[in-house]
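J.: Below, each chain spelled out in residue letters.
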Amino acid sequence: MSLEQRIKDCLGADVVEITEFRGDVCVEIPKSRVIEAMTLLKEKAGFDFLSDVIGVDNMDLYAKAKKAKKKKKDEEEEEPKKEGPPPPRFDVIYLLLSLSRDERVQVKVRVPEDDMDVPSVTGLWKAATWPEREAFDMYGFNFTGHPNLRRLLMWDEFEDHPLRKDYPLEGKGEERHLNYDTV
Amino acid sequence: MNFQAIQGEGWLLTKAEQLINWGRSRSPWPFPYGTACCGIELMCALASGYDMARFGAERVAFTPRQCDVLIEAGTITKKMVPVLKRIYAQMAEPKWVIAVGACACTGGVFRTYSTQQGIGSIIPVDIYIPGCPPRPEGILYALLKLIDKIEADHPLYKNRQKVIEALEANK
Ligand code: SF4
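For the record, the sequence lines run as chains B and U. Per our numbering, residue 1 is the first one in the first sequence, and the count goes up by one each step. Per our numbering, residue 1001 is the first one in the second sequence, and the count goes up by one each step.
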């Protein structure tokens, strides 16, 4: 049985979309079912190792796609089609590995900008602690249930989330100041 | 050092300034503050192949209290800035700073939100070495330049104005 089929069987109705690109299987699951689906993947499908948790900001991607569409429309002067709701801005991607079978799968969760809560998987894999902290630091996901959700790379007083596409590359002039005890 | 020796009794005449400079310039003990790739070149310059100890940088001090030259080799992130400031403040006078590499001089290729654009804006730097990374010869050359600088210093003259002012105030 192919990996794709096995994951479909394992997750059942939790699969929103499953794609394969050059041997990499990517499965999208709804945000509300993260813990359940991950538990299934870990315990039934044998994905016992969490390599990384990463965030993606799709803002520019969607903006570009929209622009291209508009251009095309202007040229052909077609009737404007009805557009659905804009896709969620952020993705959280979990990279899972099965150590016994040497198989990998990417699990994608869509996160809209106005609801940044994502259930934390630290209960399943302790290894998620730091990657989740990093994703919080860079994108501002609120991993609910995380034991210690502090910034990992930037300093604690830093206010923004620098890997978001609307954050300027050269920063907004933040500086770090520490008041050491002089006693 | 210019000096005049008188034979027999073992007398040596020189100027206090020159004696002090002689001592300081022959023992610039480095504090290796390697924060990125340039630190590897610094290690190379310190190790036997290039042997910085030939020029008096004999003892690499891993405590800021016991060193004279802060060799800042590598990128300084903004998160690191207060630490660098503190290390510099902890060093005892007299102290000098060498900035090794493009990152320490100007921020280098990292023109981003997280990188300090040159350490010159946070602590006084004596010698800048360009390069990404500079070769160990570059670091040795900078050390020799620093030694020249120390020898041209006026350690007693430096605070003269302050001393005069203090004396005037006490009159
Ligand atoms: S100047 Fe180049 S070699 Fe040196 S720390 Fe920066 S990036 Fe690394």
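Be aware that a few hints might be false.
As the list claims (entries may be wrong) - Below, a sample of chain U positions facing chain B; criterion: calculated Cβ distance under 7 Å:
id, residue
1, N1021
2, K1079
3, V1081
4, P1082
5, Y1113
6, K1162
Keep in mind the hints are simulated off the structure, nothing from the lab. This one's a predicted model, so the numbers in the text were calculated from it and none came from an experiment. Heads up, the beta-carbon is just placed ideally off N, CA and C, and yes, glycines get one too.
J.: Please go over all the hints and tell whether each is borne out by the structure.
T.: Taking the hints in turn, this is what the structure says about them:
no.	hint	in the structure
1	N1021	violated, 33 Å
2	K1079	holds, 5 Å
3	V1081	holds, 6 Å
4	P1082	holds, 4 Å
5	Y1113	holds, 3 Å
6	K1162	violated, 24 Å
Hints 1 and 6, counting from the list given before, are not met by this structure.
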